[in-house]
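**Q** Sequence:
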Amino acid sequence: MTEPTPAAQPAPAAPLTEAEDKQWASFAHFGGVLGFLPALIIFLVFKDRGALTKQESKEALNWQITWIAVAIALSIIIAIITGALGAAATFQNLGVILAVTGLLSFIGWLPWLINVVFSIIGGVKVNGGGSYRYPFAIRLIK
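Residue 1013 is where the sequence shown starts when you use my numbering, and the numbers rise one by one after that.
Keep in mind that a hint or two might mislead.
Unchecked claim - Calculated cross-link-like contacts (lysine-lysine; reagent style DSSO-like; alpha-carbon spacing at most 27 Å):
hint : residue 1 : residue 2
1    : 1034      : 1070
2    : 1154      : 1137
3    : 1059      : 1137
4    : 1066      : 1137
5    : 1034      : 1059
6    : 1066      : 1154
7    : 1034      : 1066
8    : 1137      : 1070
9    : 1070      : 1154
10   : 1059      : 1154
11   : 1034      : 1137
12   : 1154      : 1034
13   : 1070      : 1059
Because the hints were derived from the structure by calculation, they are not lab data.
Since we're looking at a predicted model, the values are computed, not measured.
Turn these sequences into a full structure, and let the hints guide you.
**A** Shown next as structure tokens:
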């Protein structure tokens, strides 16, 4: 019997041009508006094809992980406070409880709003030819 011939290996993907590299790097930041998946997909698909894309998608992904962790922690805290307020509710303090609950609802949206703002700033800066580093991201992916 003859040995079966091994299947042909796919050719490695071609490196990105400078324009494509900048484009995908900025998409990694702009994609943050939609969550962590765009940055993750861009990092996994293009990290070996362009240095700028690798650097910026990694930075965007680290930011997404950070803001999701903050949003989850803040949601838990808000739920605990809201539950405690609900347990302490009486007719006399209903107005205060409603005001505090409204404030907590606004605070709950802040991480998302901050993510949108920083993601757009990062995308614009990278699209303009620069680099962007988020001000307070936990850099888990090195």
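**Q** Hints numbered earlier in the text: which of these fail when held up against the supplied structure?
**A** No numbers; nothing is violated.
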